[in-house]
Amino acid sequence: MAGYVFLLILILSVVGYYVGRSAGNRFISGTGAGAGQVVHSLPGYHGAFVAVWVGIPAFVLVLLWLFLQGTVIDNLLLASLPASLTEGQSASGIQLILSEIKNVAAGRIFKEPTPEIESAAAVYLRWEAIARWAMVVVAIAMMLIAMVVARGRLSPRFRARNNFEFVLSALMIFCSMIAIITTIGIVASLVFEASEFFRRVPFNEFLFGLRWEPQIALRADQVAGKGAFGAIPVFTGTLLIAFIAMLVATPIGIYTAIYLVEYSSDRVRATVKPIMEILAGIPTVVYGFFAVLIVAPAVRDTGSALGIAVSPNSALAAGAVMGIMIIPFISSLSDDALKAVPRTMRDGSLALGATRAETMVKVMLPAALPGIMGGILLAMSRAIGETMIVVMAAGLIASLTVNPIDSVTTVTVQIVTLLTGDTEFDSPKTLAAFALGLVLFVVTLCLNVVALRIVQKYREQYE
Amino acid sequence: MNQAANAEAPARSAETIVVDDPNMNPIRVAAKDTSVYYGQKQALFDVSIDIPERSVTSFIGPSGCGKSTFLRCINRMNDTIDGCRVEGLITLDERNIYDPSLDVVELRARVGMVFQKPNPFPKSIYDNIAYGPRIHGLATNKSELDGVVESSLRKAGLWEEVKDRLDDPGTGLSGGQQQRLCIARAVAVSPEVILMDEPCSALDPIATAKVEELIDELKENYCIIIVTHSMQQAARVSQRTAFFHLGILVEVGPTEHIFTNPKDERTHDYITGRFG
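Taken in sequence, the protein lines are chains A and B. Under my numbering, the first sequence has 268 at position 268, and the numbering climbs by one with no breaks. Under my numbering, the second sequence has 153 at position 153, and the numbering climbs by one with no breaks.
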């Protein structure tokens with residue numbers, strides 16, 4: 001039904017376009033009202049003006065209607081139910097009754113419905129039909145009125161071109177708002193669920209606790225730990241692995257970029273760049289295999305050859321593979337930043353008798369620093385938020401250590417384990433995932449802000 | 001045009017016309033049959049020229065005539081362009097600068113360069129000047145380096161204007177000051193030759209006049225080669241002028257000679273504004 005309404009809106013908009021355009025054509029040929037005046041806008045703009053005023057308000061109306069219709073009908077339905085049915089029910093009990101009514105209405109009958117339910121289902125079906133047709137009628141009426149009003153405003157001196165642009169800019173503002181609103185929504189839901197968690201577990205205990213044992217019992221018959229929600233070991237694990245990854249990726253990425261910009265021949269560059277892009281396109285789960293099956297055993301074998309006991313899920317293996325994964329981010333952004341440094345700067349240094357290495361270190365890198373820092377930061381947030389590699393290659397036990405050959409766990413791994421399998425949204429075990437997510441979000445946000453300040457302060461401005 | 005009877009009329013010649021000057025200083029830079037190729041395309045054809053020390057030599061000619069290309073051969077800046085190839089012989093103090101045993105970094109310290117657009121580094125004024133002396137180890141301590149910076153800025157006539165703000169960024173100066181900063185930067189490594197590639201094309205007339213004045217002072221100690229589009233500038237600052245056309249060095253001689261009595265038809269046409 002909704003699909004047909006949208007089709008109708010489209011058709012009427014097209015009709016509106018032709019109505020407006022033919023009015024515009026008449027203005028130009030001097031046969032319509034106000035003949036003889038200089039026409040302000042081309043006929044196409046008159047058409048577009050009518051079309052957007054027909055289409056957009058109706059479209060928004062239908063969207064809102066579809067969004068609100070369910071809630072309104074549910075409330076009406078509840079009010080009409082006999083008191084015997086709703087008496088003494090909790091909120092979730094009422095939800096159960098509502099979904100039973102809807103199932104019966106849709107013909108999905110699981111158990112023999114009571115007569116009250118059956119009559120309520122009939123009412124529900126009738127109201128839904130009314131709502132559907134009401135929507136169609138209101139939408140059509142609205143579009144017709146809009147068409148008449150918009151057509152009435154057209155005249156030779158009417159600024160359809162500017163008006164159309166105004167509507168377009170409003171549309172663009174709306175589109176850019178979507179991303180912002182989504183972000184706000186995500187943060188709000190994180191904050192909401194996290195605050196649920198913090199009502200069960202004290203804030204200080206979470207932030208400064210040194211033990212992380214979230215596997216508490218969800219049901220009375222489960223055997224499980226008592227639970228401890230100290231996030232410090234989890235965050236140390238994340239930072240340790242991210243640090244190892246940056247240690248691998250930063251020098252390799254920057255040196256790669258320097259080589260490509262300053263030293264490589266065009267042929268080498270044409271080969272290396274696409275290969276780096278392939279590296280960026282490998283799914284992280286494949287990196288995960290690589291870490292588990294090749295790097296981790298290699299690290300352990302090397303360790304035992306040297307007489308050092310290395311854990312099978314060492315932070316070193318996970319971090320190193322993650323470092324390989326983020327090399328392309330750093331190298332390609334550094335490459336862009338270095339290439340953006342004006343050539344005259346480089347020539348100036350070379351002409352003073354500096355070698356290419358001196359030119360790079362003393363002139364090019366400082367000038368490109370903001371861009372390079374941007375690349376490093378992007379890579380860092382990738383490393384902190386990266387999930388798949390660590391789920392496969394890092395451990396699950398939160399041990400508080402900075403030893404790279406020990407097994408550590410990360411925030412993302414913990415979120416995955418907390419939200420898979422048995423979940424219950426009033427248990428601290430599940431809610432802890434949201435708290436972890438919130439803190440992770442705050443940490444990366446702070447990181448970005450601090451780094452931006454540093455870049456602003458120390459960048460060497462050219463031009 | 002090429003009537004034999006009219007012997008005074010300038011004529012086209014395949015050979016470079018060289019007008020000697022008995023008062024010319026000893027030769028510092030010399031080129032012999034230098035050709036430059038960008039990939040398959042030849043940009044410069046068999047240029048031979050002698051450039052005297054302690055004087056200003058200007059290269060003039062229409063755009064794309066190869067004068068900048070030749071200038072960039074003298075400190076081997078063309079090496080940094082992919083696909084650029086130089087043939088022939090260029091000597092600095094009678095030593096071939098394209099000799100494989102020669103260190104190009106050392107060569108560029110002896111042959112400084114000033115570019116068309118002022119290109120100070122995004123560093124402080126002090127660090128801009130100190131850049132060359134630092135990488136070449138010309139100063140052993142801070143006070144010596146301060147001395148080099150001050151004397152370079154004085155030579156470039158910039159000291160009085162910037163002495164109170166040496167820590168300000170060089171990019172904050174005006175265009176003319178930036179160009180003089182670049183000249184000071186080149187002077188700071190004590191080169192023997194200074195190449196200038198249209199140093200005034202991005203400057204206003206007053207800044208241009210200052211830079212020209214500076215060039216005139218610098219010629220007492222340096223061999224200066226300047227590429228310019230302005231014939232008035234060539235006439236004002238240089239003692240010798242070389243006219244390039246389509247990759248060929250057409251005529252070279254004392255500046256007053258080139259501007260008053262050119263021997264070649266193309267030189268004549270160019271300086272009288274017939275083309276270019």
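Since the hints were made in silico from the structure, they are not lab data. Some hints could be false.
To be verified - With a cut-off of at most 20 angstroms between alpha-carbon atoms, the simulated DMTMM-like pairs for lysine to aspartate or glutamate come out as follows:
1. A:Lys-339 to B:Asp-79
2. A:Lys-362 to B:Glu-106
3. B:Lys-117 to A:Asp-347
4. B:Lys-123 to B:Asp-79
These numbers were taken from a predicted model, which means no experiment stands behind them.
Hint check:
no. : hint                   : in the structure
1   : A:Lys-339 to B:Asp-79  : 19 angstroms, holds
2   : A:Lys-362 to B:Glu-106 : 18 angstroms, holds
3   : B:Lys-117 to A:Asp-347 : 11 angstroms, holds
4   : B:Lys-123 to B:Asp-79  : 26 angstroms, violated
Violated hint: 4 only; the structure is consistent with all others.
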